[in-house]
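For this one, chain W is given, so just place chain Y on it according to the hints.
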Amino acid sequence: MTALVEVRGLVKTFGEGETVTRVLKGLTVTLRVGEMAALLGASGSGKSTLLSILGTLMRPTAGEHLMLDVDMTVADDAALTAFRNRHIGFVFQFHNLLPDFTALENVIFPTAVQTGRETDGMRQRGRDLLARVGLADRIDFRVPNLSGGQKQRVAVARALMNQPELVLADEPTGNLDSAAAAQVMELIAEINRDAGTTFLISTHDSRIAERCQRQISIRDGVATG
Amino acid sequence: MPYVLKIGFRYLTANPGQSALLIFGVALGVLAFIFMSALIGGLNTMITENMLGNSSHITIEAPEDRVRALLPGGPAVHLLSQQELTEGSILRTADAFEPVIAAVPGVVVTSQVISGSGFLIQGGSTAPVSITGVSAAKVSEITDIAADLIAGSTDISGSNILVGSRLADDLRLSVGKAVPLRSSTGAERVMTVAGIFDLGMGPGGGSAVWLSLANARSLLGMSQGVSRIETQIADVNIADAVADIIRARTGLKVTPWTESNANIQDALDAQAQTGYIVRAFALIIVVIGVASAMMLSTYRRRPEIGIMRAMGASQRFVVAVFLSQGMLIGLLGGVLGAALGFLLVLPYPAVDNYTPGTLPIDIRQGSYALAVLLTTLGAVLASILPARAAAAVDPVQAIGQ
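Chains W and Y are the protein sequences, given in the same order.
Sequential numbering of the first sequence, starting at 1, is according to the working numbering.
Sequential numbering of the second sequence, starting at 1, is according to the working numbering.
Keep in mind that the hints were calculated from the coordinates and are not lab data.
Predicted model, so just to flag it, every value in this text is computed and none were measured.
Backbone N, C-alpha and C define an ideal beta-carbon position, used for all residues, glycine too.
Some hints could be false.
Here chain W is said to cover these stretches of chain Y; the calculated rule only asks that three of the stretch's residues, wherever they fall, bring their Cβ under 8 Å from a Cβ of chain W [what the hints assert, rightly or not]: (1) 1 to 8; (2) 314 to 325; (3) 387 to 399.
So here's chain W without its partners, still in its complex pose:
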């Protein structure tokens, strides 16, 4: 399979001087188009840091980072923001929806923010995505009126709105009961299978890792697998 994301010799440090902490120590990994990979590692091993860098939310201290053959380390903030909007989706552990918005408004946000206005086309795609994640009857519900599992499914729909090549999921089921977690994982697997969207899922849960085609482990700041 073709490489979607490549990072080589990735280094990320926090702090300065005597308090400097090296989280990533020359990490190298490649994500291929259409694969669904689990990212494993102990707490503090650098999983979230790697996801932040891959999501262009954070810059590495050193190393190479390419996605779709674009060098992310030389792009300016505005270019990274635009790239992230078009090519990367996020699903966070705590859903991170906009609380004053409805489910539909949250889903179409990534597209509306790109064009500066909402259109009927966007709304229709948002409805379709919500229907796909099983929330056709919750379209106009405000976030506080949704259950935890429903919020996470809205987050999945939002991550897919701009048809990104890569979705980064940070403990997407970590805050859900087992039934809701199973539903969300089933949904992710289905989208990966049907749309060929690449998923990188950070998790502590071995059952989730087993559902992925590949397991990448981070230990001592480097990746294996």
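Relative to chain W, chain Y alone:
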């Protein structure tokens, strides 16, 4: 609706109680702005009406420099002038100038005036008087004698004169009484009192004698011409500009009320400055209030800002969201304040009917649109720093909060 405006509005309505309080606070600032505008404007109108209502707004006289010569004098050119001492104050061709002056935009009334001084003699008493000669048809055009008439009429035809009330009291004059009038040139004629007036503190008050132009001309020995042409204009606030036009068209000496009554102008200017300062403070309070509210709002929404940034919202977008929120606060507060301000000044009587003991508030001078505009602009400016701070939020840190 632009997307940033929708989000700004959503944020505003997300906490209705808090937003309503903020908007009401802004409205109170605007209310103060409008009240002060109406009060200062009303005071201005009242003072100018009282002080200028019965006097000339722009006075046109013969130029003081009648003979001029340009002589070379090295690198400089010296302008020599010689004042014609005997005829310098006589406007000889008033009949030709008056239509030109009357045609200047803004001029509503013109009146030729001959003035001088003299004495009224009654029995053994002699009283100094100021003599004012005007056209019989325009006796009440500049100074509204008719409105201030105590007795008789304003008929100054023939040998009729109008006398001030104090003069009438001192000399025990009454309507129909014949009285000799001697001018400063020594000419004397017996005149008949046709009316008695009281102009209060206005010009030509108690010791004035008004008579026809023809009688004034013969008594003061002015064979032709007049002392001046007096005018009133529609808007006293543009007297300087109208005077400039008259000066340019006639080449005469033109004096607007702002020069002849510089003390009034100074008082009005000082009053206007006070009004500006009070209104500026009202706006500053609005700006500080909005800025602090926006600071709190952006701080409280840091996680959401992080989410927006993670979803691909640019920093510019985040700035626009909070600027639009600030703009809506200013606009809604401004409109509410303008409405409340209008309702507050509505019960006050019109400035024209001002009575002592109340405030001379002019509802027409509330500057409502200006208040809304400045408040909206002020609220947007107040939101700039909080919005920029919001845009600088690190999405990773903010989401992790």
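Each hint tested on the structure:
Counting residues of the segment 1 to 8 of chain Y whose CB falls under 8 Å from any CB of chain W gives 5; the rule of at least 3 is met. Coverage of the segment 314 to 325 of chain Y by chain W holds in this model, with 3 residues showing a Cβ closer than 8 Å to a Cβ of that chain against a need of three. With 3 residues having a Cβ less than 8 Å from any Cβ of chain W, the segment 387 to 399 of chain Y passes the three-residue criterion, so the hint holds.
Checked against the numbered hints given earlier, the structure satisfies every one of them.
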